[in-house]
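Please construct the entire structure, taking both the sequences and the accompanying hints into account.
There are 2 protein chains.
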Amino acid sequence: MFRKSRREEWVPYSLSLVDVFDPIFYPQALAVIGASADPTKFGNIILSAIQEIGYGGKIYPVNPEGGEINGLKVFRSLAEISGPVDFAAITIPASTLLKALEECRDKGVKGVEILTSGFKETGTPEGKQLETEISQFARGGMRILGPNCFGIYCPESGLTILPGQNFSREPGPVGFLSQSGGLCADLGQIAKGLGIRFSKMVSYGNGCDVAACDLLEYFFADPKTGIIAGYVEGIEDGPRFLRLLRDNRGKKPVILWKAGLTSTGGRAVQSHTGSLGGSAEIWQGAFRQAGVIQVYSAEELIDAIYAFLYLPGGAGPRVAVMGGGGAISVAASDSLERLGLSVPYFSPEVLQKLKASFPPVGNSLRNPVDLGNPMIPPSMLRKVMDAAGQDGGIDVLIVIQILFYILYQVRHRLGRDGQPLSRFSFQPELLRACQEIKTRYGKPIILAMLDITAEGQMIDLEVEFRKERDIYQAAGFPVFRSLDRAARALAHVVGFRRMIS
Amino acid sequence: MFRKSRREEWVPYSLSLVDVFDPIFYPQALAVIGASADPTKFGNIILSAIQEIGYGGKIYPVNPEGGEINGLKVFRSLAEISGPVDFAAITIPASTLLKALEECRDKGVKGVEILTSGFKETGTPEGKQLETEISQFARGGMRILGPNCFGIYCPESGLTILPGQNFSREPGPVGFLSQSGGLCADLGQIAKGLGIRFSKMVSYGNGCDVAACDLLEYFFADPKTGIIAGYVEGIEDGPRFLRLLRDNRGKKPVILWKAGLTSTGGRAVQSHTGSLGGSAEIWQGAFRQAGVIQVYSAEELIDAIYAFLYLPGGAGPRVAVMGGGGAISVAASDSLERLGLSVPYFSPEVLQKLKASFPPVGNSLRNPVDLGNPMIPPSMLRKVMDAAGQDGGIDVLIVIQILFYILYQVRHRLGRDGQPLSRFSFQPELLRACQEIKTRYGKPIILAMLDITAEGQMIDLEVEFRKERDIYQAAGFPVFRSLDRAARALAHVVGFRRMIS
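In order, the protein sequences belong to chains A and B. The numbers in this note's numbering rise by one with no breaks, and the one at position 213 of the first sequence is 213. The numbers in this note's numbering rise by one with no breaks, and the one at position 283 of the second sequence is 283.
Pairs count within a copy or across copies, as identical chains cannot be separated in the list.
Derived PhoX-like pairs: lysine-lysine, alpha-carbon spacing no greater than 25 Å straight-line: (1) K383 <-> K41; (2) K355 <-> K128; (3) K355 <-> K41; (4) K383 <-> K355; (5) K73 <-> K58.
Calculated directly from the structure, the hints in this document are not laboratory data.
Right, here's the structure in full:
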């Protein structure tokens, strides 16, 4: 009674991938095989990271030399460990790997992550041969991540990748899979400040056993994962991959960066994880059919995850854009329309009411709304937000703020250059306005807080920006650093609803 | 003996636009008409800005109420001023403007900037009529900037726009023209930290007299301007504009953001400066023919100016990309190739030599070069830079650095979490390597210093980044914050050479 797929003949039908993977994502005890006292070695970095992030289960460092590392007793072999071991992180050289995998199998380890490189990605016959031999171990039921990967980050259980010692311990709905470990390391880092939280993040490197298909299938079934994102260079089983995606259509959003779609990119993929790239057109068509949100850079990937997270109810395409400074409005219109969104005029009644509240000169109220200067107080902006809320032709609000003018210039103008910028902040009042309008009209509100300073001396603006952004985010309002990025991310959310409807 | 053009019948043939505009950009004495003691009024903001930036000529505040503002005697009218006045900034309401312009004309003022709004951009017949009446004053030889503009920034003479009190006083080669004043304010600010320096920046708003054509013609002739950039919503005289650009072909690079190319963008343009937009295809074709570098956002505009400034000798399309972390290399290849650049393999001899210096596993040396982890010391990176320098098939080097790993993670790994990040910096050694390689092989080197932290707590990384960036910039090496931005900016420089060759 075994289920048949490319590599999973050994998986009994009764076991779903949730049953298979959960002991790996939530291990009671783990071993670090190749643990080292040298802080520059993977065997130390991964051990330290798991300790520092606060993994709560048992940790067994393994090294034939024995002794003690980071305050933990070192075991000379897995056999020496008396209790069970669910999971192992392996950092020893490729040549000694097979023996270690035998020991893991004999110990009853349920899954391993192999951080070591020197396999298929080298392009040599020896590397490929060794990887094939490694993958055989998976036939016995022990699942393998890697080789040439950074492993698993699971904030709920306290597993983390290399180097992820300071990743957030707060779990969240994002399941992330990636052939690149470096991207996982970068994303886990930048996610902290953006309030992006993960159910699991998996770097699977060369993917000799576990790869994109299994992880997708797991994430689709995992009740803790609501948004799925990933970076893939090649797919091990195209038909299964597309079938899985099509079965998910209309359920959890899937955001994928398929790299290596150009000829040099495809070549770079081969020496990175040994995958084959495939043509851009084929992938684009397949992704569209399968309802996948396709992105083309790390920034676009992060922004899309962020938008799906902060706009859980989705969003429509008709946008009201409001701020001060006209080029911003013109640029916003261009940006949004190029991405398939629109900036429609307000209805005559709404516009009429709005006109009564503003001076006849120095602003443009029809949408995009340009209030003439960027230092507009929230009490004024609130009137425009209310109009956009009332207008039945508007789905989403984008509110532009430029802290440089609101804080730095206003402080200077008031002759209070010595005082902290936060004293001049519009944030408390604007947040209240956002909350009221959102509650009253149920329309999503996005903030675009543009950054126009790059000087070392202006660092206090960046400090204040991060503080204000955290407050808006905590209240459920996404904050983008440019209009183009806000528009692109919004377009993905809108596009997803169009694809699945 | 007058030269004929749409508005310039009054310009004698013997006068070039340099002769016409230089007294305006470099005035000996200026008046602020509508000067005010109220720090929220334009009449105070512009006066204060000109004083604070340190304009060296005579400043005459004018206001019928007299008295003293910002320590300066206020004149009740221009006629009261005994000496000559070359230039005037005007901030009084639209209704009293004609009288002020009469006074300026009678006083022999050579040029005025009208910051007041309420003209053509309102879309009303009265607004349009008033603007036509204003423009008549230019027939007498007094040139008019605006209305509905932010004025002139000229670091050499100390003129500045509203609000530009803290703009740099260091002159540079960039001539900037813009229908949007807000964009000028933003650009002047962000330029400071990027080392972008201006000959002149002109916000011309509705452009009732001086507009894009005159400013282009001036910049082409101005020996202090080497790179021209601009934001235009509509062009007052299309044939003259294109003729000017074609005559300049192959000389000074011109980077233009033509906004309002979508239907909603075009509509927004009308209520911003009252211009007509025009279709995207027509503009793209015309720009290509005229050798103009076309950009589509503020970020792209700034990055392109920056690239032309830091790569004065231009650059070729064949790029070597080097760093640690494989997804970066794959992404770089994709990014560059999509933009018409290439990442060719190193020649067999160069690769052979390179392979001898690196371990056989954990890196990919053929280009893009992925050294396996982002904490690669400059001594290792230098070997790759030298190889790329030697290789006849490579034109440009892009070196990737991620300070988070180099500083924060290394410090943590060494157990020195309390120490300042700068102690762990690779910058001095990497800068020396850049300088040596550039001197030896004459190839441009671009740094991509990626930002992967967004948290408030990580602000010290941003502080260190700005410090290191300033040092690289001062030594002539451009620093971009993402690979995509570096690639896009480089592609503009390469594309310009292709267009003009």
